[in-house]
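Below are the chains, spelled out letter by letter.
Protein chains: 2
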Amino acid sequence: MSEPPLSEFELIRRFFADRDRGPGILLGVGDDCALLAPRRGQELAVSVDTMVCGTHFFHDQPAESIGHKALATALSDLAAMGAEPLGVLLALTLPKADEAWLSAFAEGMGALVDQFRVPLIGGDTTRGPLAISITVLGQVPAGLALRRDAARPGDLVVVSGALGGAFAGLRAEMERRDVEEGPPSGTDPHCQRFLRPEPRLALGKTLRGRVRAAIDISDGLLADLGHVCQASGCGARLEADSLPQDPLLADWPPGEALAAALTGGDDYELLFAWPARQRPELRPLAAALQLPLTVIGEFTTGPGIEVLDAEGRSVASRGQGFDHFAADD
Amino acid sequence: MSEPPLSEFELIRRFFADRDRGPGILLGVGDDCALLAPRRGQELAVSVDTMVCGTHFFHDQPAESIGHKALATALSDLAAMGAEPLGVLLALTLPKADEAWLSAFAEGMGALVDQFRVPLIGGDTTRGPLAISITVLGQVPAGLALRRDAARPGDLVVVSGALGGAFAGLRAEMERRDVEEGPPSGTDPHCQRFLRPEPRLALGKTLRGRVRAAIDISDGLLADLGHVCQASGCGARLEADSLPQDPLLADWPPGEALAAALTGGDDYELLFAWPARQRPELRPLAAALQLPLTVIGEFTTGPGIEVLDAEGRSVASRGQGFDHFAADD
Numbered sequence: 001m002s003e004p005p006l007s008e009f010e011l012i013r014r015f016f017a018d019r020d021r022g023p024g025i026l027l028g029v030g031d032d033c034a035l036l037a038p039r040r041g042q043e044l045a046v047s048v049d050t051m052v053c054g055t056h057f058f059h060d061q062p063a064e065s066i067g068h069k070a071l072a073t074a075l076s077d078l079a080a081m082g083a084e085p086l087g088v089l090l091a092l093t094l095p096k097a098d099e100a101w102l103s104a105f106a107e108g109m110g111a112l113v114d115q116f117r118v119p120l121i122g123g124d125t126t127r128g129p130l131a132i133s134i135t136v137l138g139q140v141p142a143g144l145a146l147r148r149d150a151a152r153p154g155d156l157v158v159v160s161g162a163l164g165g166a167f168a169g170l171r172a173e174m175e176r177r178d179v180e181e182g183p184p185s186g187t188d189p190h191c192q193r194f195l196r197p198e199p200r201l202a203l204g205k206t207l208r209g210r211v212r213a214a215i216d217i218s219d220g221l222l223a224d225l226g227h228v229c230q231a232s233g234c235g236a237r238l239e240a241d242s243l244p245q246d247p248l249l250a251d252w253p254p255g256e257a258l259a260a261a262l263t264g265g266d267d268y269e270l271l272f273a274w275p276a277r278q279r280p281e282l283r284p285l286a287a288a289l290q291l292p293l294t295v296i297g298e299f300t301t302g303p304g305i306e307v308l309d310a311e312g313r314s315v316a317s318r319g320q321g322f323d324h325f326a327a328d329d
Numbered sequence: 001m002s003e004p005p006l007s008e009f010e011l012i013r014r015f016f017a018d019r020d021r022g023p024g025i026l027l028g029v030g031d032d033c034a035l036l037a038p039r040r041g042q043e044l045a046v047s048v049d050t051m052v053c054g055t056h057f058f059h060d061q062p063a064e065s066i067g068h069k070a071l072a073t074a075l076s077d078l079a080a081m082g083a084e085p086l087g088v089l090l091a092l093t094l095p096k097a098d099e100a101w102l103s104a105f106a107e108g109m110g111a112l113v114d115q116f117r118v119p120l121i122g123g124d125t126t127r128g129p130l131a132i133s134i135t136v137l138g139q140v141p142a143g144l145a146l147r148r149d150a151a152r153p154g155d156l157v158v159v160s161g162a163l164g165g166a167f168a169g170l171r172a173e174m175e176r177r178d179v180e181e182g183p184p185s186g187t188d189p190h191c192q193r194f195l196r197p198e199p200r201l202a203l204g205k206t207l208r209g210r211v212r213a214a215i216d217i218s219d220g221l222l223a224d225l226g227h228v229c230q231a232s233g234c235g236a237r238l239e240a241d242s243l244p245q246d247p248l249l250a251d252w253p254p255g256e257a258l259a260a261a262l263t264g265g266d267d268y269e270l271l272f273a274w275p276a277r278q279r280p281e282l283r284p285l286a287a288a289l290q291l292p293l294t295v296i297g298e299f300t301t302g303p304g305i306e307v308l309d310a311e312g313r314s315v316a317s318r319g320q321g322f323d324h325f326a327a328d329d
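Chains as they are written, first to last, in this note's numbering: chain A, 1 to 329; chain Y, 1 to 329.
The set of hints was computed from the structure by calculation and includes no laboratory data. It is possible that some hints are incorrect.
Pairs involving identical chains hold if they fit within one copy or between any two copies, as the list cannot separate such chains.
[Said to hold, decoys possible] Cross-link-like lysine to any residue pairs, in silico, SDA-like; alpha carbons within 20 Å at most:
1. Lys96 <-> Arg196
2. Lys96 <-> Met51
3. Lys205 <-> Gly41
Please build the complete structure, drawing on both the sequences and the hints.
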């Protein structure tokens, strides 16, 4: 029942010392609470995510990539609401003081802090098994937040970027670890997919006012689309051939590649419900954002999700939280 | 690298299902973020705290008391800012699914949720070594937050409640564990002191507009008063005989009892800087709150903290983060 080592949060704090203010932050790190003042007419969005060593990252994973991913996945929740980041709180549990690890971790977080101007405004460090819990706060104009419960039958199902890359990268890394030792490579494209997701904050912000429903793909396309369908009281029909599969899946057997794109998870792309009559506006939007936006199907009256091949045959489906693949039959 | 068991957060969510709304909460559990709208003219206060098994609580401690303490200590940070609670996010890491443990834990949190009307608005569950990270959000009228940096020389140093009880209780429990097995008692007064701190939210709210500087006593009186002095650029002089020692210290050797009251920590009482000319108003305030409020000294131009006995001799001091006891000489 010992007290936490304050010096570790001090180290983190020093690292972010010149970055702990931003618009809307009245008081940053160093008091019992941080104080924020969202702009008038804005609602406050808040979310918390935890990453645990051995569950969400490898014990020997570069600390920089852990810092990146912890903040990137938390920011992804703000993106999925259409919120702009205001600030971040870091609760870091460490088995022992390790200045080199802390510096690398802070560097990974710091790059995103700078990129998205989301200051570290609070947190703490505790002694225990390595885990990172990040709380992000953002703001979104009143009434414009992108919610899970606002998709309507007839809306197009659109996803950003490519799918299945994080899953493919992770599988390749697991196979490598079966035959060789050492941490994942910081530069290998396979590793990049699961080590360095990019929060789609610019896309989320752009969707405000155009779209009412969105989610980020963390659990996998079918699972997260299922969350939207369940909250919205509708279903969805997807075209298997239209899924934007990650290039890493190019040499996979087609059935396995499809399964990876449908269920892989950890890609942190956005999925949203785009009004069908505004379909022509998608292409210029994608061009402006320099990010692929792909129509993969449409929302239906449901229930359930159906994935069809080019001949209209069902190749996969999802009912009450249950994924079914035709290939399993 | 398995996915978290959603069913566990579902269980927590069901437990709090009818309590996830409150004034200012637009969207509770179940989307990528919760959405809040603080009242007009209010600033938002936010803080995060982590408790780790083996560091902050015993592995066999009743789950109800862990739920209570995790939320109580987080709410204490809002109290120390003079903020009213708006909502709470729970990041819970569990080694395995255990419905009985989860129910008891949720019950411990739930009693405070009801008492202070602070709804659970989000969070997640992950698989890993037992740890609880709680984010609390509150609101405070613009400009009235109680800060660490606003104490002035001449202000009285006032503390609520009694000091050293949590330390005395914990020591008694450690001694018991040396000779017998089993979890700490849920009813023993020693255990109550460290198992069931009470967040001083009513006091914090009452202090707004009367006081500018406050902190909660989590690290120990000298350490937390030191934080205020450092942030405010002043020092303090305390009278040892005026410290409100917990009754559990009554049969301790006087020097040890004093050390416990000065450095024990974990009491979660508030310490604040009260204007000297308003000293007569303290007693009626304490009566109204039914909570002892004790003048234990005054802020000085500093630097450092000096603790004096009845004859004016120094019995303890704190310089640059260093506690010194005369008895050590």
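(request) State the violated hints by number, sorted upward, taking the hints as numbered earlier in the document. (result) 1
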